[in-house]
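J.: Protein sequence lines, in the order shown, are assigned to chains L and E. With this note's numbering as the guide, the letters of the first sequence map in order to residues 1 to 113. With this note's numbering as the guide, the letters of the second sequence map in order to residues 1001 to 1112.
Simulated from the structure, these hints should not be mistaken for laboratory data. Among the hints, erroneous ones may be present.
Straight-line distance between alpha carbons at most 20 Å, and here's what the computed SDA-like set of lysine to any residue pairs gives [stated by the list, open to error]:
no.	chain 1	residue 1	chain 2	residue 2
1	E	Lys1104	L	Gly60
2	E	Lys1026	L	Leu19
3	E	Lys1104	L	Ser81
4	L	Lys65	L	Asp26
5	L	Lys7	L	Ser59
6	L	Lys7	E	Lys1104
7	E	Lys1070	E	Asn1038
8	E	Lys1026	L	Gly16
9	L	Lys7	E	Lys1026
10	L	Lys7	E	Val1044
11	E	Lys1104	L	Pro71
12	L	Lys7	L	Ser81
13	E	Lys1104	L	Glu58
14	E	Lys1056	L	Asn99
15	E	Lys1104	L	Thr44
16	E	Lys1056	L	Ser1
17	E	Lys1104	E	Ala1078
18	E	Lys1104	L	Ser89
19	E	Lys1026	L	Ser98
20	E	Lys1056	E	Asp1066
21	E	Lys1056	L	Tyr100
22	L	Lys65	L	Gln14
23	L	Lys65	L	Gly16
24	E	Lys1104	L	Gly101
25	E	Lys1104	L	Pro39
26	L	Lys7	L	Ser98
27	E	Lys1104	L	Gln41
28	E	Lys1056	L	Gln41
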Amino acid sequence: SAVISQKPSRDICQRGTSLTIQCQVDSQVTMMFWYRQQPGQSLTLIATANQGSEATYESGFVIDKFPISRPNLTFSTLTVSNLSPEDSSIYLCSGGDSNYGYTFGSGTRLTVV
Amino acid sequence: SQQGEEDPQALSIQEGENATMNCSYKTSINNLQWYRQNSGRGLVHLILIRSNEREKHSGRLRVTLDTSKKSSSLLITASRAADTASYFCATDLNQAGTALIFGKGTTLSVSS
């Protein structure tokens, strides 16, 4: 199965700034997704990162706040913009094939101060 | 939105005991997957069971799926302290290219 390198692993950011998270997959994957996991909670899907086109966002998540890029089949970025303390969470990327299971990055723990 | 509901939310057992976690879901699925997460880190894929399968084994793990009841169970036999983690079920819907939808998870604590 694919291996995903996600960085940064953690960051502390000031309010109003932005953080860009990168995920690099060691092989081409059809699907890539971004999730948010708030403290003590399960994973909530933010969006599907589409290669070469705009991401597909879930209800409650918008492109202005969470712009996503996916320039090729092995790389994607998620930016969390105009940060507020409510954005403090773990952000995870995922990729793979639904028939064989998805691989996850190790997560980015974001703290907004 | 949440698809799966795990039961129990928390489970504490002694080393050597078996741990059983259950997951229920709402809509028809293509497959169901179980993941482990250690202390807020990345998720590790444990096992995938397809909708036409009823039982699957992997080492000390045994997963069952009952599509008529829309439920699955994960059994960890002869548990170890290293099994302490959160366990999530995730469903893959009957639509090509859809993301996994995760349940709320079960927190397992295994004490030595």
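J.: Quick check: which numbered hints come out false for this structure?
T.: Violated hints: 2, 3, 4, 5, 6, 7, 8, 9, 11, 17, 26 and 28; rest satisfied.
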